[in-house]
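Colleague: Okay, here's what each chain looks like letter by letter:
Number of protein chains: 2
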Amino acid sequence: MGSNKAYLNCLQRDEAQALWRNTLKEIGYFERPPVEHLPVTASLGRVTAGTVYAKQSVPHYNGSAMDGIAVYASDTYGAQETAPKGLTLLPPGSPFTPGGCYAVDTGDAMPAGTNAVIMIEDVHISEGTAEIIAAAAPWQHVRIIGEDIVAGELVIAEHHVIAPVDIAALLAAGLDTVEVVKRPKVAVIPTGDEIVATREELQPGAILDVNSHMLAAAVTEWGGQPARKSIVRDNRQAIEETLIESLAESDMVIINAGTSAGREDYTAAVLSAIGEVLVHGVAIKPGKPVVLAVCQGKPVIGLPGYPVSAMLTAELFVRDILLARHKLPPYETPQVEAALSKAVASTIGMEEYIRVSIGDVQGKRIAAPLNRGAGMISSLTKAQGVIRIERGSTGLPAGLSMPVTLLRKRRPARTILSVGSHDLALELLGLFLRRRMENVALSCANVGSMGGIMAIRNNEAHMAGIHLLDEQSGCYNVPFVKKYLPGLQGCLIHLAMREQGLLVLPGNPKGITRLSDLARPELTYVNRQRGSGTRMLLDYELGKAGISVSVITGYDKEVGTHMAVAASVAAGTADAGLGVQAAAQALGLDFIPVAKEQYDLLLNFAPDDDCLPEIIDILKSEEFRLEVERLGGYDLREAGEMISVN
Amino acid sequence: MGSNKAYLNCLQRDEAQALWRNTLKEIGYFERPPVEHLPVTASLGRVTAGTVYAKQSVPHYNGSAMDGIAVYASDTYGAQETAPKGLTLLPPGSPFTPGGCYAVDTGDAMPAGTNAVIMIEDVHISEGTAEIIAAAAPWQHVRIIGEDIVAGELVIAEHHVIAPVDIAALLAAGLDTVEVVKRPKVAVIPTGDEIVATREELQPGAILDVNSHMLAAAVTEWGGQPARKSIVRDNRQAIEETLIESLAESDMVIINAGTSAGREDYTAAVLSAIGEVLVHGVAIKPGKPVVLAVCQGKPVIGLPGYPVSAMLTAELFVRDILLARHKLPPYETPQVEAALSKAVASTIGMEEYIRVSIGDVQGKRIAAPLNRGAGMISSLTKAQGVIRIERGSTGLPAGLSMPVTLLRKRRPARTILSVGSHDLALELLGLFLRRRMENVALSCANVGSMGGIMAIRNNEAHMAGIHLLDEQSGCYNVPFVKKYLPGLQGCLIHLAMREQGLLVLPGNPKGITRLSDLARPELTYVNRQRGSGTRMLLDYELGKAGISVSVITGYDKEVGTHMAVAASVAAGTADAGLGVQAAAQALGLDFIPVAKEQYDLLLNFAPDDDCLPEIIDILKSEEFRLEVERLGGYDLREAGEMISVN
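If you're matching them up, the sequences are chains A and B in order.
Numbering-wise, the UniProt record's numbering puts 299 at position 299 of the first sequence, and it's gapless, one number per residue.
Numbering-wise, the UniProt record's numbering puts 268 at position 268 of the second sequence, and it's gapless, one number per residue.
Hints are computed from structural coordinates only; laboratory data are not their basis.
Keep in mind that the hints are not guaranteed to be accurate.
When chains are identical, the list treats them as one kind, so a pair holds in a single copy or across two.
With a straight-line cut-off of 16 Å between C-alpha atoms, the simulated EDC-like cross-links for lysine to aspartate or glutamate are [stated by the list, open to error]: (1) Lys55 / Glu200; (2) Lys25 / Glu438; (3) Lys285 / Asp193; (4) Lys409 / Glu332.
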């Protein structure tokens with residue numbers, strides 16, 4: 001049941017990277033990697049193993065650079081406007097005679113005996129004679145052999161990534177093949193009793209092997225050639241056997257995971273037995289239980305099991321090793337400065353990496369931290385950047401301007417930050433917006449309606465979905481906007497009337513038909529947290545129905561999301577909970593409509609921002625209405641109407 | 001013999017791009033491109049055709065997030081340090097009974113009836129009872145179904161380039177396949193009577209087809225799927241047939257070239273016959289004779305024949321169309337500011353593009369223009385950036401700071417600019433330097449020794465190879481450095497004694513054995529330009545031998561490079577010329593040694609620059625000496641010695 005065994009050693013990230021790289025350098029891992037000869041035409045993106053010298057000159061002949069006549073320069077001396085000279089036009093192929101010339105087109109080989117070209121514009125031809133009015137300098141308008149590339153000279157340097165223009169140069173310089181560094185073979189070994197290869201095997205407690213596919217793709221992107229192995233159980237001998245087999249076939253091995261110090265974590269032990277473990281544990285979060293080892297002269301990396309940890313540690317300890325193997329410089333990580341949208345805590349002594357969305361709000365660049373869970377795959381796909389918190393820090397305050405490392409090669413030109421209550425209609429809005437405005441992306445952080453109002457107040461979001469019911473007035477949203485955003489710069493736009501309802505087991509075994517059924521003593525309810533729009537709705541509806549909260553079993557058990565409500569019901573620990581239809585659909589629950597609530601958007605754009613009219617236009621459009629209403633439980637008849645808050 | 005027929009219309013570059021893109025937009029070329037379904041695991045780098053929604057939630061079950069005990073939260077209420085509560089440890093798989101609990105490891109499915117986990121550290125287990133000292137909140141330390149991704153929600157947006165992390169997310173969200181945009185098929189048709197496919201066919205006047213390979217690789221890099229067609233002769237019907245065949249198979253067709261308005265340039269005529277020519281001629285240099293047309297609803301682009309023109313116009317008129325077809329934003333062209341190392345002239349009315357090397361010299365970023373010839377393939381491979389001269393400009397002055405668009409994804413961390421007399425030993429020096437210092441590149445601009453001295457004086461180069469003989473003193477280099485670089489910041493380092501000699505036809509048919517043979521009246525000489533080191537050497541040696549220049553036939557015929565000398569000899573228009581051995585080797589000429597000259601390096605680095613000791617160390621090294629001497633005609637015994645100029 002777990003173990004508190006300490007890691008053998010726990011290095012700082014920079015120390016671990018230096019030790020790792022230096023050790024591999026010392027054992028000669030980056031020297032003379034295997035090479036292969038490829039046809040030049042198949043070498044795009046590969047890396048030259050050595051300097052490539054021209055085998056032939058370019059041009060390979062002396063050719064005319066103009067349409068005109070080819071002459072022997074000396075024959076032309078003395079020609080001038082006042083004293084033209086006549087040259088005899090010789091038939092093509094006939095031998096040169098002094099005072100003769102040939103008609104040539106651009107690119108034609110210079111006829112033997114000639115060494116200059118006079119442009120056709122400067123020649124008057126009649127009756128077999130070419131009259132010229134200026135002398136020609138030797139080799140004028142002639143492309144001389146080797147003018148571009150001289151046989152024997154360098155065409156492409158070693159350790160160069162071959163681009164399309166390099167292919168042209170190599171072919172022109174007489175090369176049919178080129179020696180390139182072989183892609184390092186990287187074995188990726190997924191391990192773990194809980195890991196399964198297919199969705200069919202995916203029982204509760206099992207985890208689909210997605211990491212090995214992600215890591216294989218990352219290896220491909222970084223110039224390696226991945227070989228995914230079959231999943232290996234948490235069995236020391238099996239891991240050892242697969243490792244030895246992989247070492248024989250590969251230039252690098254990645255084991256994922258079994259890298260912690262738990263009872264069934266064999267990676268470090270196996271690596272110690274077969275080779276030398278350099279590092280076990282790095283003071284980073286996530287990703288601490290990384291193992292770096294050298295076995296049989298090859299790097300073997302044990303990456304932690306959580307996807308976010310696995311990706312981060314692969315970036316830190318695999319990527320640059322693969323690049324260095326090609327003698328390429330370390331990966332460039334472009335950075336931008338951005339202000340943190342909220343405070344983030346950090347563990348002192350650990351270097352922490354937090355993935356963020358990036359957006360420009362009212363002229364200020366904002367980095368909005370995403371969920372930090374090491375298991376949150378969605379934080380990997382939603383992230384546009386990552387911030388690093390130094391190990392000496394206990395956390396960073398909201399608003400701090402700091403460097404953000406960009407994660408994607410292509411960052412959307414604009415990211416619209418949506419921070420507030422989540423709804424699937426927002427994703428559709430993002431989709432429509434993207435279709436209309438090229439290169440715009442919508443990033444949603446789901447922090448609830450009140451969180452959204454605060455983000456707008458601090459200019460940290462462009463948009464917030466809110467559904468806050470004022471119990472006294474029975475009004476939605478406006479009272480809250482008035483209270484918390486008194487000088488609102490942006491505007492409040494109606495999105496939809498949205499159905500909330502009771503989530504119950506499929507087939508509704510407890511026969512729940514309306515909210516007042518919650519008072520039945522044998523039923524258990526699961527509630528949302530205080531301050532959430534859904535909780536406010538419940539309280540309001542209970543009040544209207546004259547039901548006291550005290551008679552509802554489970555009213556005091558709060559969870560934080562629609563999905564947590566649905567999960568409680570699906571797991572049988574509650575009989576019902578209030579939530580949106582989408583949560584019911586996700587877990588196959590039945591949905592009993594209770595009330596419609598007003599879901600509006602707070603928009604925070606500069607008045608001349610072209611997003612603003614587009615968003616309103618989308619909200620009012622027939623296509624958007626149909627698309628959202630198709631989700632079920634939505635009424636968009638008033639969508640796009642501006643709501644007065646004065 | 002050419003034609004002065006004007007282009008039908010000659011648009012400005014931005015007008016042409018806008019017309020091109022808007023026309024394709026209007027005909028719906030960017031809408032609903034064909035899609036294909038790929039296994040998620042084979043989708044790296046591809047572009048999603050539509051929004052991808054989760055088919056299953058992640059996690060797909062309620063699981064323990066800790067090692068500990070799974071409990072029903074209500075059972076734990078009231079437990080505190082002063083009043084511990086005991087829960088009955090139930091055997092795994094047995095039904096839940098109130099007041100019971102189960103041992104769970106991280107990742108285990110929550111047993112039915114439980115809804116919270118208490119960490120093992122907070123539990124005391126003895127004799128089948130788990131004693132707890134704090135209450136558990138519902139769902140604490142539980143990873144709830146859908147916490148990461150909820151079934152039905154957006155996983156990956158449409159028109160998104162699939163990254164390794166996206167593969168993980170797609171698989172986890174229950175997708176086995178993903179719908180991606182089909183790579184647009186792009187036919188590349190090489191045309192031209194002078195174009196040949198293989199080196200075996202490469203007679204004088206013929207040009208190897210390198211463009212179609214370069215363009216195919218560029219199409220690949222930009223997300224297209226190229227199909228190279230066989231070379232088509234300059235025959236209108238043949239071009240038309242190949243075009244029609246290509247249109248049937250492809251989403252875009254590139255014809256290269258035949259785009260000018262010459263006699264045998266059929267591209268525009270064929271495109272007019274089959275479809276609509278939107279643009280013929282764009283006011284850019286190089287690249288003017290580009291043709292943009294729409295045939296059968298597909299874009300057809302006629303690119304000019306010179307490699308530099310073809311690549312530039314492909315970047316301007318092909319790249320973003322392929323990206324837009326994937327609904328991806330236009331290509332990002334990162335820019336840096338740099339000062340021009342020399343003045344560049346420009347034709348008014350034409351937007352000119354000039355490729356440059358980029359280096360930081362003594363704290364100033366320098367852009368050194370490369371040879372502007374549209375046929376210079378080497379300028380494509382040597383270029384790190386490109387500058388654009390506006391159409392209203394007649395040229396730019398030296399020293400002007402201006403934006404430079406970077407051409408390579410990976411720019412070397414440092415480029416050492418070598419500007420001066422060229423020698424193959426410099427290339428080897430660059431190679432050795434690159435081996436010792438990661439991510440350093442050497443860029444050589446060959447402007448002669450005096451040009452090198454001037455570049456050093458203006459802080460526009462790090463290094464200049466010079467071999468300047470002072471006729472009066474018989475000394476090399478030092479007198480010139482004293483005169484032109486009086487306050488020299490850098491230093492003068494000896495590189496090699498280099499042999500210059502007479503280049504003669506193979507077998508030396510004229511029986512030339514020494515310099516004085518040049519006085520023989522039947523021999524024709526080809527000379528280098530005044531001010532070149534080689535010319536100075538000739539004059540000095542002639543003087544020593546007591547030979548008057550007036551007796552040498554051809555003394556007044558000057559050419560500008562070693563290779564031009566060699567080409568003159570090889571073509572039979574001169575019997576001999578003075579030059580280096582490498583030029584003789586390149587054209588298979590014989591070489592008659594005449595004199596050794598001193599080839600030195602001017603170095604212009606900050607005193608603490610770590611390149612400086614490395615360069616000197618390389619020059620003094622045995623490996624470098626052997627490597628250079630192997631070229632023939634070099635003596636490096638004194639290489640690396642500092643030469644006093646005081």
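Colleague: A separate judgement is required for each hint: does it hold in the structure or not?
Modeller: Against the structure, the hints come out as follows:
1. Lys55 / Glu200: Classified as between: cross-chain Cα gap 14 Å, same-chain 58 Å, threshold 16 Å.
2. Lys25 / Glu438: Between copies only: 13 Å across chains, 46 Å inside a chain, cut-off 16 Å.
3. Lys285 / Asp193: Close neither inside one copy (24 Å) nor across copies (64 Å); limit 16 Å.
4. Lys409 / Glu332: both (10 Å within a copy, 10 Å between copies)
Violated hints amount to a single one, hint 3; each of the other numbered hints is respected by the structure.
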